[in-house]
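S.K.: Here's the letter readout for the chains.
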Amino acid sequence: MTTPTSPLLAEHEALGASLTEFGGWLMPLRYGSDIAEHNAVRSRAGLFDISHMGQIRVVGPQAAQALDYALVGWLSQLYDGKARYTMICQDDGAVIDDLVVYRLRQDEFLVVANAGNTPAVLVALRQRVAGFKATVEVPDRQQALIAVQGPAAQAILQLPTLTETEAAEAIAMLPYYAITAARVASIDVLVARTGYTGEDGFELFVSADHAVSLWRALLDVGATDGLIPAGLSARDSLRLEAGMPLYGHELDLTTTPYEAGLGRVVRLDKKDEQGEPLDFIGRDALAARRHSNPARVLVGIKSLGRRAVRAGDVLVPDAARPDRTVGTVTSGAPSPTLGYPIAMAYVSAEFSAIGTELIALVRGRAEQVEVVPMPFYRRPAATSALT
Amino acid sequence: MSDQFPENLQYTAEHEWVVQGEPAVIGVTWTAQDALGDVVYLELPEVGAEVTAGAVIGEIESTKSVSELFSPVTGTVTEVNDAAVADPSLVNSDPYGAGWLFKVDVTAYGELLNASGYQKLTQGS
Numbered sequence: 018m019t020t021p022t023s024p025l026l027a028e029h030e031a032l033g034a035s036l037t038e039f040g041g042w043l044m045p046l047r048y049g050s051d052i053a054e055h056n057a058v059r060s061r062a063g064l065f066d067i068s069h070m071g072q073i074r075v076v077g078p079q080a081a082q083a084l085d086y087a088l089v090g091w092l093s094q095l096y097d098g099k100a101r102y103t104m105i106c107q108d109d110g111a112v113i114d115d116l117v118v119y120r121l122r123q124d125e126f127l128v129v130a131n132a133g134n135t136p137a138v139l140v141a142l143r144q145r146v147a148g149f150k151a152t153v154e155v156p157d158r159q160q161a162l163i164a165v166q167g168p169a170a171q172a173i174l175q176l177p178t179l180t181e182t183e184a185a186e187a188i189a190m191l192p193y194y195a196i197t198a199a200r201v202a203s204i205d206v207l208v209a210r211t212g213y214t215g216e217d218g219f220e221l222f223v224s225a226d227h228a229v230s231l232w233r234a235l236l237d238v239g240a241t242d243g244l245i246p247a248g249l250s251a252r253d254s255l256r257l258e259a260g261m262p263l264y265g266h267e268l269d270l271t272t273t274p275y276e277a278g279l280g281r282v283v284r285l286d287k288k289d290e291q292g293e294p295l296d297f298i299g300r301d302a303l304a305a306r307r308h309s310n311p312a313r314v315l316v317g318i319k320s321l322g323r324r325a326v327r328a329g330d331v332l333v334p335d336a337a338r339p340d341r342t343v344g345t346v347t348s349g350a351p352s353p354t355l356g357y358p359i360a361m362a363y364v365s366a367e368f369s370a371i372g373t374e375l376i377a378l379v380r381g382r383a384e385q386v387e388v389v390p391m392p393f394y395r396r397p398a399a400t401s402a403l404t
Numbered sequence: 003m004s005d006q007f008p009e010n011l012q013y014t015a016e017h018e019w020v021v022q023g024e025p026a027v028i029g030v031t032w033t034a035q036d037a038l039g040d041v042v043y044l045e046l047p048e049v050g051a052e053v054t055a056g057a058v059i060g061e062i063e064s065t066k067s068v069s070e071l072f073s074p075v076t077g078t079v080t081e082v083n084d085a086a087v088a089d090p091s092l093v094n095s096d097p098y099g100a101g102w103l104f105k106v107d108v109t110a111y112g113e114l115l116n117a118s119g120y121q122k123l124t125q126g127s
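Going down the list, the protein sequences come from chains A and B. For the record, in the first sequence the residue sitting at position 52 is 69 according to my numbering, with numbers rising by one throughout. For the record, in the second sequence the residue sitting at position 81 is 83 according to my numbering, with numbers rising by one throughout.
Just so you know, these hints were derived from the structure itself, not from any lab. Just to be clear, a hint being listed does not mean it is correct.
[As the list claims (entries may be wrong)] Just a sample of chain A residues kept apart from chain B, beta carbon distances all over 10 Å, derived:
| no. | residue |
| --- | --- |
| 1 | D51 |
| 2 | S93 |
| 3 | R323 |
| 4 | P351 |
| 5 | E367 |
| 6 | I376 |
[As the list claims (entries may be wrong)] Computed, partial: chain A to chain B, Cβ under 8 Å:
| no. | residue |
| --- | --- |
| 7 | S50 |
| 8 | I52 |
| 9 | N56 |
| 10 | R256 |
| 11 | A259 |
| 12 | A302 |
| 13 | R306 |
| 14 | T354 |
[As the list claims (entries may be wrong)] Derived, one-sided and incomplete: chain A residues facing chain B with beta-carbon distance under 8 Å:
| no. | residue |
| --- | --- |
| 15 | R47 |
| 16 | R122 |
| 17 | S230 |
| 18 | S250 |
| 19 | P311 |
| 20 | R313 |
| 21 | A325 |
| 22 | A350 |
All figures in this text were calculated on a predicted structure; none of them were measured in a lab. Cβ coordinates follow ideal geometry from the N, Cα and C atoms, glycine included.
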């Protein structure tokens, strides 16, 4: 099997990007300095190619009912033009993938899945939707997805050189977790106010044919506002600071939404139009899990020293007893914004309280860490308009 | 490409460079810092420490990953680059100059490669 590539690959190569394999795709890791890219998103704006994300459409008169059954969320409640963060789980409650679902119109939903999980999500969705008047569709032609993230993102998308007045106003008025059709750089796109960085920002869905034109126009026009291309390295450190899970790290087939602290996405209360409880895949297991305290809990970790704890490092309560593991780190890195190393970890519930001091074993040596609240970083209120 | 593989240096398969001398100067290569990304933390041996060729003597950490630092030589550390410890970005901006790491009074050298040998190694990987 060949590695799938973004329609923007030649752009990344021309910009001198280091490339990396991610979720089976060859994607930009960084263009220059990953800290500079991270900081640009926090202070101005970054441009990301996230065309590796899977784009699946569920279409038909019963599309909403089909998704109520297939996913843990209550999608029939979603208004047209709105989006929701949700998950698709197995019968046993384990997470197959975390998703953002956009309701494009009454009978059409856009499901965005993680690159590496898209085949599994497609298989599961097709099986689950089979009994409904709805179909699961993957576009014949490749789609691209470009994110503009950062406090200057809205101002950039509104620039008259990019967007005419009417579309600019629609983008300015777009609430958080909403999507609208718009013309940007004379290209028809879907613009969503969603992202994975902890900043205000937008994701632009565009056909592969027009991806290069859109990417170049955004970079050209946005440069004066500080927009620079940013790679997956910055995307990872940004989402970690924002306390957002990454499938394969915080979420996997041994985890339910409850352990990950995301029980709110499981809508055990969803009902049909007659007020009858709605069945969905994973319901029984998740209902049982909701009322039992999870044995392990996802927590935020701050290092007191300078060495970062990394995915796979183990946590112990006592350096003298390195065999007594009470937790495992799932993601960790030095935080460019905060200036100290941060991490997420699953720990036994009894060690999950804020302020708990633990020892991380980092390549055989003990490092003092502390359980802290997540997210590690929250954007200043002044720039979080409409959220 | 000679900026990335200076002819006057010797190299290890673990991506350190050495200038032979009294003392010898040691750092990490352009290739190493490029693979790591922005270096944010260096852990180096202390002055006076006895180091052994091929043994782990420190760590070099970036936002994206961390790598162990191996000593290319056996001997006694005479000096550590405090400027690079204070500002590890020197390793990215000038890996063969201001980003040097430490100096050693050498009693024995480990296995070293010349520039073309090291370049071949990095291109084979």
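S.K.: Taking the numbered hints from earlier one at a time, note which ones the structure violates and give those numbers from smallest to largest.
M.R.: Hint check: 1, 3, 4, 9, 10, 11, 12, 13, 14, 16, 17, 19 and 20 fail, others pass.
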